[in-house]
Amino acid sequence: QKIKCNPEYTPRINYLRTIWPKYSSLYANFQHGRIKGKVSLVFDNGDRYLGPYVDKPSTCLNGREINPMQHMGVWKSVDGTDYEGSMVDNHFDKLDMNGEYHITWRNGEEFEGKCIDGKRHGYGKFRFHDGSI
Numbered sequence: 001q002k003i004k005c006n007p008e009y010t011p012r013i014n015y016l017r018t019i020w021p022k023y024s025s026l027y028a029n030f031q032h033g034r035i036k037g038k039v040s041l042v043f044d045n046g047d048r049y050l051g052p053y054v055d056k057p058s059t060c061l062n063g064r065e066i067n068p069m070q071h072m073g074v075w076k077s078v079d080g081t082d083y084e085g086s087m088v089d090n091h092f093d094k095l096d097m098n099g100e101y102h103i104t105w106r107n108g109e110e111f112e113g114k115c116i117d118g119k120r121h122g123y124g125k126f127r128f129h130d131g132s133i
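Using the numbering used here, the letters of the sequence shown map in sequence onto residues 1 to 133.
No lab work stands behind these hints: they were computed from the structure.
There's no promise every hint is true.
No more than 30 angstroms apart at the CA atoms, straight line, and that leaves these computed lysine-lysine pairs for DSS-like [what the hints assert, rightly or not]:
#1 K38 with K22
#2 K125 with K114
#3 K94 with K36
#4 K36 with K125
#5 K119 with K94
#6 K125 with K22
#7 K38 with K76
#8 K36 with K22
#9 K119 with K76
#10 K119 with K22
#11 K22 with K94
#12 K125 with K38
#13 K38 with K94
#14 K76 with K94
#15 K94 with K125
#16 K38 with K114
#17 K76 with K125
#18 K76 with K36
#19 K76 with K114
#20 K114 with K94
#21 K22 with K114
Quick caveat: nothing in here was measured; it's all calculated off a predicted structure.
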């Protein structure tokens, strides 16, 4: 007997990035004319990134951008939201978060757990601004 199930989650279509972000300032070390190591970037929209510089994202078979390096980067949005995780780099896209993240909002609320396609997904811990979990 077959059981028909409706999918609870349908992944969105992923498109390859064609536009590289524009920096308004860059603080970094250079080696042989290339950026190396940790950087501090300010983007044109005011967002900030602190962490290792990644030349360009790698792409897996289904078109998602992946980063083979394991590192911890921090992205600070102009709206006061901070994103931390091993997939946070200078190519970070809030709408395409896939993996484990620690997110802190301006009001003090925090989420630590998994995200898929920019949304909280699966198990995680959410701490409200009053400290309750």
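Hint by hint, here is what the structure shows:
1. K38 with K22: holds (18 angstroms)
2. K125 with K114: Distance ~10 angstroms between K125 and K114 Cα, so the pair holds.
3. K94 with K36: Between K94 and K36 the Cα gap is close to 24 angstroms, so the pair holds against 30 angstroms.
4. K36 with K125: Not OK: K36 and K125 at ~34 angstroms, beyond 30 angstroms, violated.
5. K119 with K94: Roughly 9 angstroms between the alpha carbons, so the hint for K119 and K94 holds.
6. K125 with K22: Roughly 34 angstroms separates the two Cα atoms, so the pair is violated.
7. K38 with K76: Holds, at roughly 16 angstroms.
8. K36 with K22: Satisfied, since the Cα-Cα distance of roughly 18 angstroms is no more than 30 angstroms.
9. K119 with K76: Since the Cα atoms of K119 and K76 sit roughly 18 angstroms apart, the hinted pair holds (cutoff 30 angstroms).
10. K119 with K22: holds (25 angstroms)
11. K22 with K94: Roughly 16 angstroms between the alpha carbons, so the hint for K22 and K94 holds.
12. K125 with K38: Between K125 and K38 the Cα gap is close to 29 angstroms, so the pair holds against 30 angstroms.
13. K38 with K94: The hint holds at about 21 angstroms.
14. K76 with K94: Roughly 11 angstroms separates the two Cα atoms, so the pair holds.
15. K94 with K125: holds (19 angstroms)
16. K38 with K114: Cα-Cα ~25 angstroms, so holds.
17. K76 with K125: holds (20 angstroms)
18. K76 with K36: holds (21 angstroms)
19. K76 with K114: holds (19 angstroms)
20. K114 with K94: holds (13 angstroms)
21. K22 with K114: holds (28 angstroms)
Going down the numbered hints, you'll see the structure goes against 4, 6, while the others check out.
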